[in-house]
Amino acid sequence: MSDPFRDQVVALIPPLRGYAITLTRSSTDADDLVQDALVRAWQFRAGFRAGTNLKAWLYKILRNTFYTQSEKRRKTVEDVDGRLAAQLVCNPDQEWRLVYEELLVALGRLSQDTRDALLLVVAAGLTYEAAADVAGCAVGTMKSRVNRARERLAQLMDFDLAAAPRDAHSQPAPRTLDHAAFV
Numbered sequence: 087m088s089d090p091f092r093d094q095v096v097a098l099i100p101p102l103r104g105y106a107i108t109l110t111r112s113s114t115d116a117d118d119l120v121q122d123a124l125v126r127a128w129q130f131r132a133g134f135r136a137g138t139n140l141k142a143w144l145y146k147i148l149r150n151t152f153y154t155q156s157e158k159r160r161k162t163v164e165d166v167d168g169r170l171a172a173q174l175v176c177n178p179d180q181e182w183r184l185v186y187e188e189l190l191v192a193l194g195r196l197s198q199d200t201r202d203a204l205l206l207v208v209a210a211g212l213t214y215e216a217a218a219d220v221a222g223c224a225v226g227t228m229k230s231r232v233n234r235a236r237e238r239l240a241q242l243m244d245f246d247l248a249a250a251p252r253d254a255h256s257q258p259a260p261r262t263l264d265h266a267a268f269v
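Position one of the sequence shown corresponds to residue 87 (this note's numbering), numbered consecutively onward.
Keep in mind that the hints were calculated from the coordinates and are not lab data. Positions of the beta carbon are idealized from the N, C-alpha and C atoms, including for glycine. Hints should not be assumed to be uniformly reliable.
To be verified - Result set (EDC-like, lysine to aspartate or glutamate): computed pairs, CA atoms no more than 16 Å apart in a straight line:
| hint | residue 1 | residue 2 |
| --- | --- | --- |
| 1 | Lys158 | Glu188 |
| 2 | Lys141 | Asp202 |
| 3 | Lys229 | Asp244 |
| 4 | Lys146 | Asp167 |
| 5 | Lys229 | Glu188 |
| 6 | Lys229 | Asp199 |
What the hints assert, rightly or not - Derived DEER-like restraints, expressed as beta-carbon distance ranges:
| hint | residue 1 | residue 2 | range |
| --- | --- | --- | --- |
| 7 | Lys158 | Trp128 | 20 to 28 Å |
| 8 | Gln198 | Gly226 | 26 to 34 Å |
| 9 | Trp182 | Cys223 | 54 to 62 Å |
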């Protein structure tokens, strides 16, 4: 059984290929372009209205396909030998994410007072005096809460608190999230 749409499209392949060669300046790229355009035409054949100009419709699909692919190619850098890719360095962040998730869980297990104290002093960088003002407690109480929070957090995260520096304010800011940044 003959399909008139298919027969007309097949008859237009040679002129479509000629037009594609003028656009791409490569017979191989032209063949790929025509194939992509024909696939799209077949996918959207229900959108073609019988009695209208099939040739113009196919040329428009081919042209739009070419410009879409050209835009994608313009944004893509060809790196056949991998030289450019070798220059890209991205440290893996999986370990950081795991530690971060572990930290969030451990923080959630602290009491509200000790968590607030730790976050005010360590994360927000407030002095004990300023944190005590915010929390409405004595400075000694704030120091005690921060100390208990550090010890409990270290315990929950299985971290050796004795090996970590005690004064977080005197240490340079860590480049990555590690246990020492929170104790």
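Take the C-alpha atoms of Lys229 and Asp244, compute the straight-line distance between them, and say whether it is at most 16 Å.
-> violated (22 Å)
Lys158 versus Trp128 beta-carbon gap, inside 20 to 28 Å or not | holds (21 Å)
Would the pair Lys141 and Asp202 pass a check requiring their Cα atoms to be no farther apart than 16 Å?
-> The given pair, whose Cα atoms are some 71 Å apart, is violated under the 16 Å limit.
For the pair supplied as a hint, Lys229 and Asp199, confirm whether the alpha-carbon distance does not exceed 16 Å.
-> Given that 16 Å is the threshold and the Cα spacing comes to 12 Å, the pair holds.
54 to 62 Å as the expected CB spacing between Cys223 and Trp182, which holds or is violated | violated (33 Å)
Straight-line alpha-carbon gap Lys229 to Glu188, limit 16 Å = Roughly 24 Å separates the two Cα atoms, so the pair is violated.
At the C-beta level, are Gln198 and Gly226 separated by a distance inside 26 to 34 Å?
-> Violated: the Cβ-Cβ distance is about 19 Å, outside 26 to 34 Å.
Would the pair Lys158 and Glu188 pass a check requiring their Cα atoms to be no farther apart than 16 Å?
-> violated (40 Å)
For the pair supplied as a hint, Lys146 and Asp167, is the alpha-carbon distance within the 16 Å limit?
-> Distance ~36 Å between Lys146 and Asp167 Cα, so the pair is violated.
The structure is inconsistent with the numbered hints 1, 2, 3, 4, 5, 8 and 9, although it conforms to all the rest.
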